[in-house]
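Input sequences plus hints: build the corresponding full structure.
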Amino acid sequence: DIQVTQSPSSLSASVGDRVTITCRASQNIRSFLNWYQQKPGKAPKLLFYVASNLQRGVPSRFSGSGSGADFTLTISSLQPEDFATYYCQQTYTSPYTFGQGTKVEIK
Amino acid sequence: QVQLVQSGAEVKKPGASVKVSCKASGYTFTFYFMHWVRQAPGQRPEWMGWINPSTGATNYAQKFQGRVTVTRDTSISTAYMQLSRLGSDDTAVYYCARGIYGDYEDGDYWGQGTLVTVSS
Chain A
1 DIQVTQSPSS
11 LSASVGDRVT
21 ITCRASQNIR
31 SFLNWYQQKP
41 GKAPKLLFYV
51 ASNLQRGVPS
61 RFSGSGSGAD
71 FTLTISSLQP
81 EDFATYYCQQ
91 TYTSPYTFGQ
101 GTKVEIK
Chain B
1 QVQLVQSGAE
11 VKKPGASVKV
21 SCKASGYTFT
31 FYFMHWVRQA
41 PGQRPEWMGW
51 INPSTGATNY
61 AQKFQGRVTV
71 TRDTSISTAY
81 MQLSRLGSDD
91 TAVYYCARGI
101 YGDYEDGDYW
111 GQGTLVTVSS
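Chains A and B, in that order, give the protein sequences. Counting in this note's numbering, the first sequence runs without a single skipped number right up to 107 at its last residue. Counting in this note's numbering, the second sequence runs without a single skipped number right up to 120 at its last residue.
Quick caveat, the hints were computed from the structure, so don't treat them as lab data. Be aware that a few hints might be false.
Said to hold, decoys possible - With a straight-line cut-off of 16 Å between C-alpha atoms, the simulated EDC-like cross-links for lysine to aspartate or glutamate are:
1) A:Lys45 <-> A:Asp1
2) B:Lys63 <-> B:Asp89
3) A:Lys45 <-> B:Asp106
4) A:Lys39 <-> A:Asp82
5) A:Lys39 <-> A:Glu81
6) A:Lys45 <-> B:Glu105
7) B:Lys63 <-> A:Asp1
8) A:Lys42 <-> A:Glu81
9) B:Lys13 <-> B:Asp89
10) A:Lys107 <-> A:Asp17
11) A:Lys45 <-> B:Glu46
12) A:Lys45 <-> B:Asp103
13) B:Lys63 <-> B:Glu46
Encoded structure:
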């Protein structure tokens, strides 16, 4: 299976901060990477598909980039509703494995 | 509006089986693959498999091969996920989801989740 590793596992930030989360795959997955946001007790919500395609309805302060094995999710100006856990998922090959998550907490 | 409504929480003994349903509404059921994803408490999500509701074709994660069966009933726009030989590590919230692989442009939709607890 393709392993997907996120960093950091958690971070503390303030409203208005720029936040960057990275995701590294254990092999080249081209651009087949999704990003999700999950809040407690809720299902994940898709933010980006194929690395950089913003899902409809997602604010433009979110951006996704990368290809090959290294990917980045950036929030340009953190808002109160962005405090959540973020997951990346590779969809290059089955099983479509998720990273361990990055919890974004309020500083 | 698109909705995926799952069956209620289950408590099962080790070795038993569970069958979770996912009723779709607000769109043509046969037009979109349905996926199953589970999430154990405090853990990352885990993709289990998908079904093509139009043909019935399935694809399962190797980890669940032989234990999971995903089916559908197109007459009632419902997908099912059955997991057999349950162990304590199968305790998780199980989700059905649409639009999380390949058919992204029409949005992603998730069921509300079904908690399956495996306990003796």
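We went through each hint and held it up to the structure:
no.	hint	verdict
1	A:Lys45 <-> A:Asp1	24 Å, violated
2	B:Lys63 <-> B:Asp89	13 Å, holds
3	A:Lys45 <-> B:Asp106	14 Å, holds
4	A:Lys39 <-> A:Asp82	9 Å, holds
5	A:Lys39 <-> A:Glu81	9 Å, holds
6	A:Lys45 <-> B:Glu105	14 Å, holds
7	B:Lys63 <-> A:Asp1	10 Å, holds
8	A:Lys42 <-> A:Glu81	14 Å, holds
9	B:Lys13 <-> B:Asp89	12 Å, holds
10	A:Lys107 <-> A:Asp17	10 Å, holds
11	A:Lys45 <-> B:Glu46	14 Å, holds
12	A:Lys45 <-> B:Asp103	15 Å, holds
13	B:Lys63 <-> B:Glu46	10 Å, holds
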